[in-house]
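Residue numbers (this note's numbering), protein chains in the order written: chain A, 98 to 407; chain B, 2 to 263.
What the hints contain is simulated information worked out from the structure, not anything from laboratory work. Treat each hint with caution, since some may be false.
Derived, one-sided and incomplete: chain A residues facing chain B with beta-carbon distance under 10 Å [unchecked claim]:
no., residue
1, ALA349
2, VAL385
3, SER387
The calculated label-pair distances, taken between Cβ atoms and stated as ranges, are [unchecked claim]:
no., chain 1, residue 1, chain 2, residue 2, range
4, B, ILE20, A, THR216, 45 to 55 Å
5, A, VAL175, B, ILE114, 49 to 59 Å
6, B, LYS76, A, GLU228, 25 to 35 Å
7, A, ASP229, B, THR239, 49 to 59 Å
8, A, ASP229, B, ARG9, 24 to 34 Å
9, B, ALA178, A, ARG180, 27 to 37 Å
10, A, SER266, B, ILE235, 54 to 64 Å
11, A, SER266, B, LEU252, 34 to 44 Å
The beta carbon of each residue, even a glycine, is placed where N, CA and C say it ideally should be.
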Amino acid sequence: MTNSVIKTENLTKVFKVGFRGKSVAALKGLNLEVTEGEIFGFLGPNGAGKTTTIKILMGLIYPTTGKAWILNKEAADVEVKNRIGFLPEQPYFYDYLTSREFLRFYGQLFGLEGDELRTRMNNLLTLVGLEDAADLQLRKFSKGMLQRIGIAQALINQPDLIVLDEPMSGLDPIGRKEIRDIILRLKEDGKTVFFSTHIIPDVEMICDRVGMLMKGELVNVGRLNEIMDAKVKYVEIVARNVSKEMLAHMEAIGSSLYETCDHVSINVRDEDRVDSILQLIKDGKGSVVSVIPQRETLEEHFIKKIGGTS
Amino acid sequence: MKVLTIARNTFREAIRDKILYNLLFFALLMIAASLLLATLTVGEQSKIIIDIGLASINVFGALIAIFLGIGLIIKEIEKKTIYNILAKPVPRYQFLIGKYIGLLITILVNIVIMGAGLYIILILNELRWGHSIFDVNFDIWKAIYLIFIELMVITAIALMFSTFSSSSTLSAIFTIAAYIIGHLTEELKLIGDKVQDSLLKGPITFFYYFLPNLDNFNIKGRVVHRLDVPSSYIALVTVYGLFYVAVILLLSGVIFQRRDFK
Ligand SMILES: Nc1ncnc2c1ncn2[C@@H]1O[C@H](COP(=O)(O)OP(=O)(O)OP(=O)(O)O)[C@@H](O)[C@H]1O
Ligand SMILES: [Mg+2]
Numbered sequence: 098m099t100n101s102v103i104k105t106e107n108l109t110k111v112f113k114v115g116f117r118g119k120s121v122a123a124l125k126g127l128n129l130e131v132t133e134g135e136i137f138g139f140l141g142p143n144g145a146g147k148t149t150t151i152k153i154l155m156g157l158i159y160p161t162t163g164k165a166w167i168l169n170k171e172a173a174d175v176e177v178k179n180r181i182g183f184l185p186e187q188p189y190f191y192d193y194l195t196s197r198e199f200l201r202f203y204g205q206l207f208g209l210e211g212d213e214l215r216t217r218m219n220n221l222l223t224l225v226g227l228e229d230a231a232d233l234q235l236r237k238f239s240k241g242m243l244q245r246i247g248i249a250q251a252l253i254n255q256p257d258l259i260v261l262d263e264p265m266s267g268l269d270p271i272g273r274k275e276i277r278d279i280i281l282r283l284k285e286d287g288k289t290v291f292f293s294t295h296i297i298p299d300v301e302m303i304c305d306r307v308g309m310l311m312k313g314e315l316v317n318v319g320r321l322n323e324i325m326d327a328k329v330k331y332v333e334i335v336a337r338n339v340s341k342e343m344l345a346h347m348e349a350i351g352s353s354l355y356e357t358c359d360h361v362s363i364n365v366r367d368e369d370r371v372d373s374i375l376q377l378i379k380d381g382k383g384s385v386v387s388v389i390p391q392r393e394t395l396e397e398h399f400i401k402k403i404g405g406t407s
Numbered sequence: 002m003k004v005l006t007i008a009r010n011t012f013r014e015a016i017r018d019k020i021l022y023n024l025l026f027f028a029l030l031m032i033a034a035s036l037l038l039a040t041l042t043v044g045e046q047s048k049i050i051i052d053i054g055l056a057s058i059n060v061f062g063a064l065i066a067i068f069l070g071i072g073l074i075i076k077e078i079e080k081k082t083i084y085n086i087l088a089k090p091v092p093r094y095q096f097l098i099g100k101y102i103g104l105l106i107t108i109l110v111n112i113v114i115m116g117a118g119l120y121i122i123l124i125l126n127e128l129r130w131g132h133s134i135f136d137v138n139f140d141i142w143k144a145i146y147l148i149f150i151e152l153m154v155i156t157a158i159a160l161m162f163s164t165f166s167s168s169s170t171l172s173a174i175f176t177i178a179a180y181i182i183g184h185l186t187e188e189l190k191l192i193g194d195k196v197q198d199s200l201l202k203g204p205i206t207f208f209y210y211f212l213p214n215l216d217n218f219n220i221k222g223r224v225v226h227r228l229d230v231p232s233s234y235i236a237l238v239t240v241y242g243l244f245y246v247a248v249i250l251l252l253s254g255v256i257f258q259r260r261d262f263k
């Protein structure tokens, strides 16, 4: 219990929509636990309930039933927010402020002032690469710049827990890498990072654990290699100069072939057969370009899950 | 401290908003035009200038209070800027009070500017007749002070509507209605006394007691006719206004605390 940073118990949220007050269940009994020092990826398709969960954790909306704790305090507790950094889903910020005014404003909400605040502001502007835009109004920012200044404000209080709602959305590959590097750096400093996304490669690259949310329910949670089939699905061999009769022979032993202009790629389901196929290629004076074992990707897993629940 | 941070930011937002300058411009235009109107009439011209000037300050001040007051919370929710504030260690009631104080500072600055405009026009008027500038009726500042207390009440009402409604139009209509009825409470009481129908009598009596009597803040007539306004009256009405504000803010705070921001 002591090192649990986020914990929810049977969290349910029902929204009433329209004049008739039709009920929409955005969360259905969510149980989640995030422990200290980990990077937790909260994965789910659009409308799964990621933002709803985060809003409950931040005390912006109240759960219909169930409870949520952050750093062993109730989620609606005001004091615990001193130790949290938060980036909302889209950077919804006061656009009439300049970067500096913006960071100062949020710093002051944490009771920071003077030299301490100024130093932190400058360090953060450097961290997110916005020194040149320090005196530019946010309304003149690009989407990527908004996302960066959003990350900067989330770190102004040097939080223990950082909650980011889709931090990579709208960023180009370089921007995404920079955010990933910042997240990894935070982990090195011993902080806990919880972020939602539907960009799978980002999760694969940096998360210690992932939780998969679908239609308000957690369908899977754990280390990436636990969640996914770690078994090799098939081995892909790419070769050149392989004769037609040789190919027919290979197909006969049970592998599927794809020919491209001067390459042929051979997918072998049975790992034991790989050696004999490689021997065949050598015997036929062909050359092997690559041999790559293929595992299930998170993406395939994800799509399989969506297919399974809908 | 956090209340002041929010207040300062609210003030900064208001002065970077064009609507404020438009309202201020028209108010000053009205006050200046009163000088022209005054020249067309016989009798004591300063009376007409004060009459029109104070009425302009009241009406344009109320427009600023209503339009910026309604937007105070609704805009934060519509633009979703509220998420990132309430996710910081700021209690909701402090956010509400910070917003309120920020708008009050904005209103104060504006009516002081309008009051200064009126004062200058009055000085010009006296100079034109070869009088001393000390002949200007200094009591207009008492009237302006009470207009400010009235605007505190109106701002609080606008804020209250915006804490639970998500429609700016509806909130504006309700607040304007409260402003108009608040100035007509005496008439309301007369009507209530005459009406026999108990179905109508109920709501009329309710409004009479529930809505503030905004005419209490109106000493324009006495100032125009250079009648004395006792300090005890000003103090009493101030207490009345502050009490009303406190009750409304408390109510708004309770509503706001329970609200979901979705
Ligand atoms: N204020 C609201 N009123 C009514 N329904 C809502 C409200 N907010 C969210 N919902 C519903 O709750 C469900 C979950 O929404 P949520 O925003 O949490 O999804 P999400 O996982 O964040 O999706 P995305 O990836 O698109 O951001 C959706 O079906 C949505 O329609
Ligand atoms: Mg979302």
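Structure-based check of each hint:
Hint status for A:ALA349: violated, given a least beta-carbon distance of 61 Å to chain B, over 10 Å. For A:VAL385, the suggested interface contact is broken, since its CB lies about 55 Å from the closest CB of chain B, more than 10 Å. The beta carbon of A:SER387 comes no nearer than 48 Å to any beta carbon in chain B, farther than 10 Å, and the hint placing it at the interface is violated. Judged by the Cβ atoms, the range 45 to 55 Å given for B:ILE20 and A:THR216 is violated: they are separated by roughly 38 Å.
For A:VAL175 and B:ILE114, the hinted distance range of 49 to 59 Å is not satisfied, since their beta carbons lie about 38 Å from each other. At about 31 Å, the CB distance of B:LYS76 to A:GLU228 agrees with the hint of 25 to 35 Å. For A:ASP229 paired with B:THR239, a C-beta distance near 51 Å keeps the hint of 49 to 59 Å intact. For A:ASP229 and B:ARG9, the hinted distance range of 24 to 34 Å is satisfied, since their beta carbons lie about 26 Å from each other.
In this structure the hint that B:ALA178 and A:ARG180 lie 27 to 37 Å apart at CB is violated, the actual value being about 46 Å. In this structure the hint that A:SER266 and B:ILE235 lie 54 to 64 Å apart at CB holds, the actual value being about 57 Å. Against the hinted window of 34 to 44 Å, the Cβ-Cβ separation of A:SER266 and B:LEU252 comes to about 39 Å, which satisfies the hint.
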